[in-house]
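> Sequence:
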Amino acid sequence: MNIIWLGHGSFRIETAGQVLLIDPWLTGNPVLPEDQHDAALEDATHILLTHTHFDHVVDVVSLAKHLNVPVVGQYDLMGYWSEAEGLETVGFNKGGTVNLNGVMVSMVPASHSSTFSTPDGLRTGGSEVGFMISSEGHMLYVSGDTDIMADMGWMGDYYNPDIGILSAGGHFTMDMRGAAYAAKRYFNFKTVIPCHYKTFPILEQSAQVLADGLPGVEVIEPQLMQAIKL
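When the letters of the sequence shown are read in order and numbered with my numbering, they come out as residues -8 to 221.
Rather than coming from a laboratory, the hints here were simulated on the basis of the structure. Check the hints yourself; a few may be wrong.
Derived pair list, reagent style BS3-like, types lysine-lysine, alpha-carbon separation capped at 25 Å [claimed, not checked]:
hint, residue 1, residue 2
1, K189, K220
2, K220, K175
3, K85, K175
4, K181, K220
5, K189, K175
Distance ranges between label pairs, derived from CB positions [unchecked claim]:
hint, residue 1, residue 2, range
6, M95, M140, 35 to 45 Å
7, S53, P206, 14 to 24 Å
8, L113, D138, 19 to 29 Å
9, D111, D153, 12 to 22 Å
10, D142, D26, 14 to 24 Å
11, A7, A30, 14 to 24 Å
12, G207, T106, 37 to 47 Å
13, E79, E33, 15 to 25 Å
14, F191, Q214, 13 to 23 Å
15, K175, A75, 41 to 51 Å
16, G207, T109, 39 to 49 Å
17, P206, N92, 34 to 44 Å
18, D111, G207, 18 to 28 Å
Heads up, the beta-carbon is just placed ideally off N, CA and C, and yes, glycines get one too.
Input sequences plus hints: build the corresponding full structure.
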């Protein structure tokens, strides 16, 4: 399994012959240079979406059409895009699991919001979620944008993920201290990868607090377009 950070909350997951793009943000992403866009998208098989804030959703419809790949996400939003945009979608909901050509993806709760801008103002786009991805002997938790929440208790017990990609930038999500608390209290991770940080000055700029709060856990600060091999 290769986990490749595309900046902010965006990732490319290469596993079991599939290439999953998680919340791919290209347009206006200050971290991902334009000359890296093609490499970020190469051979993509699916797009997974956690919620509809602009820094997660702005490119999803155009990319799905350009790449001719399905969008995988919360049922209500997928149904709308299927009808309004003609996209191929895989819609499911919290508690459900889908099989993406051998990669099993389960949808789990997150604690955030999920709105997008329209000419008539903000509208709600489904609900915010995270994913548990089972492949190649690993269970990977992609938290999406979230705060600490009690649901992490049963999620840690039931899915027992060994890898966590955790939003940890603060202001919009839990910060590094909060992510360390959640990881220590609710999970038994071997590896933790922070995200949704460093993009803007308002966000946390270092994961040192996270690493200090998780002795015995490998905390890996992702580097742009560099594969973390697990």
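> Check each numbered hint from earlier against the structure, then list the numbers of those it violates in ascending order.
6, 7, 9, 10, 18
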